[in-house]
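Quick mapping for you: the protein sequence lines, in order, are chains S and W.
Residue numbers in the first sequence follow our numbering, run continuously in steps of one, and reach 418 at the last position.
Residue numbers in the second sequence follow our numbering, run continuously in steps of one, and reach 319 at the last position.
By construction, these hints were calculated from the structure, which means they are not laboratory data.
One or more hints might be untrue.
As the list claims (entries may be wrong) - Every beta carbon over 10 Å from chain W, so not counted as near; a handful from chain S, in silico:
(1) Thr72
(2) Arg264
(3) Asn285
What the hints assert, rightly or not - Simulated restraints, written as ranges between beta carbons of each label pair:
(4) W/His178 to S/Ala41: 43 to 53 Å
(5) S/Asn140 to W/Val131: 39 to 49 Å
(6) S/Trp130 to W/Leu64: 26 to 36 Å
(7) S/Val134 to W/Ile231: 13 to 23 Å
(8) W/Pro251 to S/Leu195: 17 to 27 Å
(9) W/Ala18 to S/Gln31: 54 to 64 Å
(10) S/Trp26 to W/Pro251: 30 to 40 Å
(11) S/Gly242 to W/Pro315: 47 to 57 Å
(12) W/Ala107 to S/Lys34: 41 to 51 Å
Beta carbons: idealized from backbone N, C-alpha and C, even for Gly.
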Amino acid sequence: MVVAPGPATPDALTADTLVFRQTNQWADAWQQLKRNRLALASTVFLTAVTLVAIVSVFWTPYPVYKQQVAGTYEGPTVSHPLGADQAGRDLLSRLMVGARISLEVGVGTQLLVVGFGIAVGLVAGYYRGWLDGVISTLINVFYGIPDLLVALILVLLLGRGLDKIVLAIAITRWMDMARLVRGQTLSLREREFVLAAVAIGTTPKGIILRHILPNALGPIIVQATFGVPAAILFEGFLSFLGLGVQPPTPSWGSMAADGFQAIRLAPHIVMAPALALSLTLMAFNFLGDGLRDALDPSKGAEPPRASYGRPRKHGTKDTIARAGLGRPFPRLRRPSTTSSYWRETSHADRTCPGDHPAFDPGPSLFWGAAVAGDWRGYWTGLAGIPQGRFRPALPCAIQAGWRSCRLRPPARPQPPPA
Amino acid sequence: MLTRGTLSYLGQRLAFLAFTAIAVSSLVFLGVHQLPGNAFLSDRRIDPNALAALLHHYHLDLPLLEQYRLFVIGILHGDLGESLVNRGVKITPLLLREATVSAEVGAAALVVTIGLGMVLGVVAAVRHNTVVDYVATTTAVVGFSMPNFVIASLLVVVFAVWLYNTTGGAFYYELGWHGTHGNLSQIPVPAFALGFPYASIVARLTRASMLDVIGQDYVRTARAKGLPERIVIMRHALRNALIPVVSVLGPLVVGIITGSVVIENIFGIPGLGKEFVTSILNRDYNIVIGVFTVYAVLIGLANLLVDMLYTAIDPRIHY
């Protein structure tokens, strides 16, 4: 336990000073998230999209709804960076408003889903009994019906406003959240701290709100992050089919549908909203992956293992070639975490061809990679694999790949001198 | 392995399936009858006598409960009624014909999903933490994040527009559908667009469960026996890694059915999905109800098939 440097008087060492440096779950998660470059990049991208969406309320480069007959199907130019659509409306301006619609649908749906799912899940998981039976059956029934088709019917029933669409999507997609919260509650209510709370006479309401809900919050946030892109995708489907947001309002799905009509003449009209939609969904998914690794360690991340996959031979062409692909400079930043697993076997216990001077490639052809940073780390990062967990801080691992490292065989007993 | 237990389980499931189909179509029937407007609304004035005759022909002048009774009797006889827009067109044979078209594309999409997904997943797991793995994983994440209509648009731009322009019209993908059963060359592109997003889900799952299985003791034993790596992976690892993959096949089939609504509209394939959207836009509510019923049956059958597949893959499970 690190104690904060405080005033030297002994009575300053109170609970407050200890708490000051004490790390909590959220600070831990934030540290872990910061290490995941892909999640961080996604956060930046999503912040930018949000800013654009907010800006579009007050200002867009061109009027969003006004038709310009002279400029129909115009390709990208300096004044219209993304070109114009079939009615001559500036695509960039419409894309900006579309971002707002998408985010409103995604976040609005998740607010409804989170509220309803938490309420239903907590009640079912905590009180169990017949109520749980009813709710679980309902969840299973909703899983059995195709959600898009039900949403289509609901949109017809409720009307085509944005709020109606949000409601329709929420009605067809609340089950994941409810099931998750129910499962979490079921497991949390058996824990000792809940027993302790019951013992000191906390009311059920207090237990649910003060003890169970805060502890289930991590998986809930992860689930909600994955729910936002699903809802956006859903709205895209509905709009693409012509049953989503009403036509003059630009939504990415309906813009793609409009553009699809003219795909031979002006492919840029369909490509712009399609790319925007894909990138946003991808960013949300990467962020969700990162959050899951940070907040919900039981899922997703694989346990470290002594060797992965197909065993490789040592010192083959393969190993040597990859030794050349390694990092020419030593790592400047100390790798952040070393789990207890890696601490158990020290560097000296391992042997590896990469450690031998004969395998040191010297200044390699990959200076460019050196400038750009860690190659292998770059690709691992792209693949969404958290850094530091799979790549222990062994020089040979950095040079020749972790797989080339094997535990050094125990020293053979020497024959006694004759 | 058709034991008496399996047969009685099968019977129970089929009975439940019939119940679900009737329940779903009843819900949709009641819901659809609350919808504003009907298929006979038009800009032109319509003779009140003709309208009354039309309503009478479709039993729309009867009280709702009476209509519902006729509807359930019809379903039990396999009769889904008559199209409201195209008068005289019986819905059951229409939907059956369109279901075969959808099934062709859907089956091809399923092949893409399972084939591509498993190959990507197995390769990524076997070459764990190599460039191959990163490429496969990245492909999976990208595929998972792209809506299928975006993939479809990209495919159309490449295969229909770009290929047409570069080959001078000699070789390109043609949108649409030839004849009743289509042209074999017209299936792969929509099947890929339909199957690829789900292929990435299968790939992720296969990779995770393969990594889990490869570390197990019996795989080490198989290697220690000196079996070829191919046999170890295909026979010892993959077969056990498949069990969690089979469990997503049910949702996968639902996803492919849902996705086909979009894909069939994009590629102009005259299947159930296209009929569904067309009938919604035409307010042809009889067909909407019919398509829903067919979908409920299809999804129920798919789930049943998946559960039966479990026993084939994992002999420890039986019913």
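Can you give the numbers of the hints that this structure goes against, from lowest to highest? 2, 3, 7, 8
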